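Enquirer: Heads up: the protein sequence lines correspond to chains A and B, in order. The first sequence begins at 1 in my numbering and counts up one residue at a time. The second sequence begins at 1 in my numbering and counts up one residue at a time.
Because the hints were derived from the structure by calculation, they are not lab data. Given the structure is predicted, the values throughout are model-derived calculations rather than measurements. We treat Cβ as the ideally placed atom computed from N, Cα and C, and that holds for glycine. There's no promise every hint is true.
[Stated by the list, open to error] Some, not all, of what chain B presents toward chain A, calculated at C-beta under 10 Å:
{"no.": "1", "residue": "L64"}
{"no.": "2", "residue": "N70"}
{"no.": "3", "residue": "A91"}
{"no.": "4", "residue": "Q95"}
{"no.": "5", "residue": "F98"}
{"no.": "6", "residue": "Y102"}
{"no.": "7", "residue": "K130"}
{"no.": "8", "residue": "V140"}
Protein chains: 2
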Amino acid sequence: MTTYTLYDYRPSGNGYKIRLLLTQLGIPYTYVEKNIIQGETRTPAFLAINPNGRIPVLELEPGLYLSESNAILLYLSENTPFLPTDRLERAYVNQWLFFEQYSHEPYIATSRFLLTYKPDEQSQALIAQKRQPGYAALGVMEQRLSEHPFLVGDRYTIADIALYAYTHVADEGGFDLSGFPGILTWIDRVQTQPNHLRITETHGGKPRSGD
Amino acid sequence: MTTYTLYDYRPSGNGYKIRLLLTQLGIPYTYVEKNIIQGETRTPAFLAINPNGRIPVLELEPGLYLSESNAILLYLSENTPFLPTDRLERAYVNQWLFFEQYSHEPYIATSRFLLTYKPDEQSQALIAQKRQPGYAALGVMEQRLSEHPFLVGDRYTIADIALYAYTHVADEGGFDLSGFPGILTWIDRVQTQPNHLRITETHGGKPRSGD
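Isolated chain A, as found in the complex:
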């Protein structure tokens, strides 16, 4: 079997989702860092890998690339305990994955990005606009997590991985989680899953020589 190569940027929550799942699946991989701040995902060489110019990208075999973090999660988790086999439970995993990319990431992850890399006046205005929809997304999660241990069924799945990635660092985007006790308990629960990995860590990922 070919070793996967992950093109990623260490602070990225989207990339972290893949690193976390690969680690929990015990799958070794080659790690290639692309600094998105320095434009390394917009070079002709990288656009040949992903025309959309974004990390993470997983090279499945030489020359065969899959992008979109949640599509990669679905690919890797198939036939593993991280993706339910029940049709309805899988539907709800998908529901959370699309919720994450449409209603959560653009507000919570983007606020963290702006605060970290572009903390200027223009960003402050943008971050202010993201507050209400960001908190609304956290409210949707809280409604579920105040009554259930995990997002789908009663088990840790890729839905938890996808939502955990940016939720647990929401404070870095200026979001206060103290009003969301269900989310806070769930964060603890996710962090105590076997083989947990912290964001920016790359356990199991070996840098490719020359990169």
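Chain A is already provided as a structure; the job is to place chain B on it using the hints.
Expert: For chain B alone, coordinates are given in the frame of chain A:
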């Protein structure tokens, strides 16, 4: 088998995806219109159906609701010709579905929404910001469609349905498709698939009495 109920708003491209697939699958359904402009998806009754306050929502059986248009597409297409069985092809379907929600819909669909319902000065500034990323998304599609008949493999799948929904009305958001010959040919190809349905049509969907 219970008849599905679709909660939807007729001009919505996200709702149209589901109407189109249900029609092409020959599955009858009950249709309940919720006017998003009039706040009908933010009432307590609707939030009990979808805490995220968005259409479309498919009621799978009484009291059991699935939201997120692309999650609904995946649910309905399982074990049908609209979703490939090959693992890699399914991964690429997912990749396009997440691309649509993250890199396409927020620019192309939202521009159409603003131009249609809020054509004021503030919207014009917002629409201007959405031009570049919207055209970038169309460029990613063009790269694929200038060389292939469909987005995944050589067959019409839910990836085409998901991307077609807002792409074919991109002009209503002020996007000019004339520079995208691959997309234009693909639009024709999608429109000639058996049992095609035009946006805002609800063939096969029967209004629920009382709604």
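Enquirer: None of the hints should be skipped; say for each whether it holds.
Expert: Here's how the hints hold up against the structure:
no. : hint : in the structure
1   : L64  : holds (8 Å)
2   : N70  : holds (5 Å)
3   : A91  : holds (4 Å)
4   : Q95  : holds (4 Å)
5   : F98  : holds (4 Å)
6   : Y102 : holds (5 Å)
7   : K130 : violated (13 Å)
8   : V140 : holds (5 Å)
The structure fails to meet hint 7 from the earlier list, while all remaining hints are met.
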